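Those sequence lines, one after another, are chains H and S.
Residue 194 in my numbering is what sits at position 194 of the first sequence, and the numbering runs on without skipping anything.
Residue 77 in my numbering is what sits at position 77 of the second sequence, and the numbering runs on without skipping anything.
I should point out that these hints are in silico values taken from the structure, not numbers from a laboratory.
These figures come from a predicted structure and were not determined experimentally.
Using N, Cα and C, we set each Cβ at its ideal position, and we do this for glycine too.
Mixed in with the good hints there might be a few duds.
Claimed, not checked - Facing chain S, a subset of chain H residues (Cβ under 10 Å, in silico): (1) Gly12; (2) Arg20; (3) Arg24; (4) Trp34; (5) Ala317; (6) Ser321; (7) Pro373.
Said to hold, decoys possible - Straight-line C-alpha distance at most 27 Å; calculated DSS-like pairs for lysine-lysine: (8) Lys134/S to Lys27/H; (9) Lys27/H to Lys9/H; (10) Lys134/S to Lys98/S; (11) Lys9/H to Lys134/S; (12) Lys98/S to Lys27/H.
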Amino acid sequence: MGIRNRLRKTIGLTMVSLRRSYVRTTKTARGRTWMSIGGVALAVALMVIVTGIGVGIASQSTIYGDDVDYWVTPETDGSSSALVNADNTRFGAVHPTAASVAERDDVEYASPVLTQVIRIESTGEHAEYVLAVGIVAQPQLTEIADVTTDGLTHGDPYFESDEWTGEMVLSCGAAELLAVDHGDSLEVTRPRGADDREFSVTSVDSGDRTGSQFPVAVMQLSELQAITGADSNDEADQIVVSTTNPGVEAVLADLYPRSTVSAQSGLNAQNILADELPLALSLTAVIIAVVIGTLFVMTTTGLSVAADRGRLATLAAIGISARTRFRLLATEILAMTLVGGLIGVALGLVGVRVVNIVARETISSGDVASTEPFIIVFGIAVAGVIGLLTLPYLAVLLSRVGTETEVGQ
Amino acid sequence: MMQSPPLVACSGISRHYGRRSEQRGFFNRRKSDTPTVTALSNVDLEISRGEIVGCAGPSGSGKSTLLHILAGLDTPSSGAVVFDGTNLGDLSRRGRTKHRLDHVGIVFQHFHLLDSLSARANVALPLVERGRPKRERRRRATELLEAMGLGDRITHRPPELSGGEQQRVAIARALVTNPDLVIADEPTGELDTETGDRVLTRFRAVAAELNAAVVIASHDEPTLAIADRLVRMRDGEITQIETQSPAQTPQEASMDPK
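I would like the entire structure built from these sequences, with the hints used as guidance.
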């Protein structure tokens with residue numbers, strides 16, 4: 001058979017299989033088909049929820065915003081988060097470095113980010129520790145660490161012209177903790193007997209983002225450097241970059257020796273791999289999903305093949321090859337599992353939402369589970385794996401039925 | 001004038017069932033105490049192109065076994081079946097499947113159409129296996145269904161068709177590849193007289209137009225009257241081969257005073 005005929009055969013068989021799958025799902029074998037789809041969907045939904053919780057756990061130590069595309073961080077030994085640990089390696093000369101990146105036409109913005117836990121006193125001598133995040137405010141950088149940047153003067157005036165602004169934007173959680181509101185004064189306790197610095201609350205985040213409940217204060221980078229002693233080498237923990245050009249990643253990789261560039265789509269997956277608990281959760285979820293899903297599909301495939309025994313035998317009798325019969329049913333199984341995967345992902349995303357609502361109402365001030373684009377792809381891939389794992393069983397079943405001599409029975 | 005060689009030649013074929021070796025498969029290793037049953041015993045038969053052969057006999061006489069062996073569905077325990085110069089015994093199972101696709105059209109009493117596909121898609125299925133273009137598949141299947149009186153049912157699925165209509169779809173499926181040999185086991189069993197007449201007329205046309213051989217097994221004498229030769233069987237043996245003047249339709253046969 002020539003290539004053209006093989007192609008026609010493949011397309012024809014695929015169309016026959018898909019048509020057959022559709023009619024079986026909607027008319028002739030609804031119960032059995034939906035049982036398979038439902039089994040895969042439940043398994044994938046379970047996996048999406050558990051992986052979502054894993055990602056949520058992994059993301060909790062990460063400072064990021066949804067519009068940030070790349071993070072440049074120093075390499076670590078993986079023992080702790082580079083983003084919140086002051087003892088870790090930091091970048092130096094971050095202002096000119098970030099400015100050089102921001103000069104590129106394809107870069108929307110680039111800002112160094114310094115994070116440090118600081119002690120803040122509000123009026124009435126009420127003091128609390130909060131996570132301070134220092135940035136170079138820019139029009140396009142509208143939020144960091146789930147807190148708005150409105151209220152910060154753009155361009156880091158203290159670095160540019162020694163003009164102290166004392167601007168501080170508080171998360172909803174920090175404002176509640178310090179019992180302050182917009183316009184109130186704050187004092188940051190400086191170490192080693194240095195004079196304390198005055199700040200004022202220029203904005204309080206509305207609190208509708210995932211991390212808004214955490215006590216976070218966003219301020220000018222150079223002012224945070226000044227009160228933490230990180231100004232001597234112009235230090236920061238990371239540089240965040242928003243760009244429309246994936247090619248920028250290579251440029252970022254060359255900014256500092258021994259640095260790591262993480263992309264938006266890969267960061268949380270990377271965190272999962274670096275953190276044992278989320279990794280264990282995700283792996284367990286995948287294994288359970290694959291096992292449950294495969295057993296479901298195997299069972300219904302067995303029932304289906306047994307019910308179609310006579311028809312399969314007739315197909316063999318009229319000259320339809322064993323390979324073609326296998327391909328017919330295999331395409332049906334894969335189509336069914338992929339539909340199950342899509343439904344499962346949708347159910348899982350709804351499940352993550354429900355988990356977060358329940359968690360907020362009971363045990364947590366924020367979301368405990370997270371949804372990432374990679375989870376959707378992951379869910380569909382797992383459904384595909386379930387389908388593929390069923391295929392050897394289908395081959396065994398077909399080797400036992402569909403024998404030509406059965407047609408007369 | 002030199003006589004053309006037969007399309008199918010069976011020489012000394014026998015078929016036994018129930019032997020211990022046949023009960024051993026990968027998933028079925030239990031030993032069987034089933035006694036050997038001889039379904040076919042030392043059968044010699046030659047079938048030529050353009051000929052319709054009827055096969056008559058009581059249940060268990062070996063008709064279906066003979067048809068399965070002629071079609072390459074089963075292999076004889078001994079003896080040889082030579083199809084147009086090819087010994088079917090030399091072919092692998094895969095080779096026999098290909099042989100059936102290329103040369104044999106089969107109609108079963110239980111027609112087993114795919115419920116999920118339309119009548120036209122069922123008929124066109126062997127052409128998909130052959131990799132024929134979609135336009136050709138649709139045209140050929142539609143022509144055959146129209147010839148079977150199902151022109152207005154081509155998009156219906158089998159559950160939406162009567163038993164007789166399904167049987168005609170199965171017959172169209174058997175003829176769609178223009179086979180050299182058509183095997184029909186009780187092809188009119190589910191059909192009323194008028195429809196059965198139409199189907200047998202179609203078989204006659206296939207034999208004449210495609211120069212194909214047609215083998216029909218039936219309990220129904222009027223159906224068998226369309227045959228050029230009638231093979232009578234009993235206990236796995238051919239007891240008689242009658243050459244007869246074929247009736248064009250079963251109705252003619254039933255009007256025959258003989």
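Are Arg20/H and chain S close enough, Cβ to Cβ, to be under 10 Å, as the hint says? holds, 4 Å
Taking the least C-beta to C-beta distance, is Arg24/H closer than 10 Å to chain S? Holds, because the Cβ-Cβ distance from Arg24/H to chain S comes to roughly 5 Å (cut-off 10 Å).
Is Lys98/S within 27 Å of Lys27/H, Cα to Cα? violated, 32 Å
Hint consistency between Lys27/H and Lys9/H [alpha-carbon to alpha-carbon, up to 27 Å]: Holds, because 26 Å separates the two Cα atoms, which is no more than 27 Å.
27 Å limit on alpha-carbon distance, applied to hinted pair Lys134/S and Lys98/S: Given that 27 Å is the threshold and the Cα spacing comes to 21 Å, the pair holds.
Does the closest beta carbon of chain S sit nearer than 10 Å to the beta carbon of Trp34/H? violated, 15 Å
Does the CB of Ser321/H sit less than 10 Å away from some CB of chain S? holds, 5 Å
Hinted pair, alpha-carbon criterion (27 Å max): Lys9/H, Lys134/S. Please report holds or violated. At roughly 10 Å apart (the allowed maximum being 27 Å), Lys134/S and Lys9/H satisfy the hint.
Can you verify the interface hint for Gly12/H: is its Cβ closer than 10 Å to any Cβ in chain S? holds, 4 Å
Given hint Ala317/H near chain S, where the shortest CB pair must fall under 10 Å: Hint on Ala317/H: holds, closest Cβ of chain S at ~5 Å, below 10 Å.
Has the given pair, Lys134/S with Lys27/H, been kept, meaning a C-alpha gap of at most 27 Å? The given pair, whose Cα atoms are some 25 Å apart, holds under the 27 Å limit.
Interface hint compliance - Pro373/H to chain S, C-beta minimum distance less than 10 Å: Violated: closest Cβ of chain S sits about 35 Å from Pro373/H, beyond 10 Å.
Checked against the numbered hints listed earlier, the structure breaks hints 4, 7 and 12; every other hint is satisfied.
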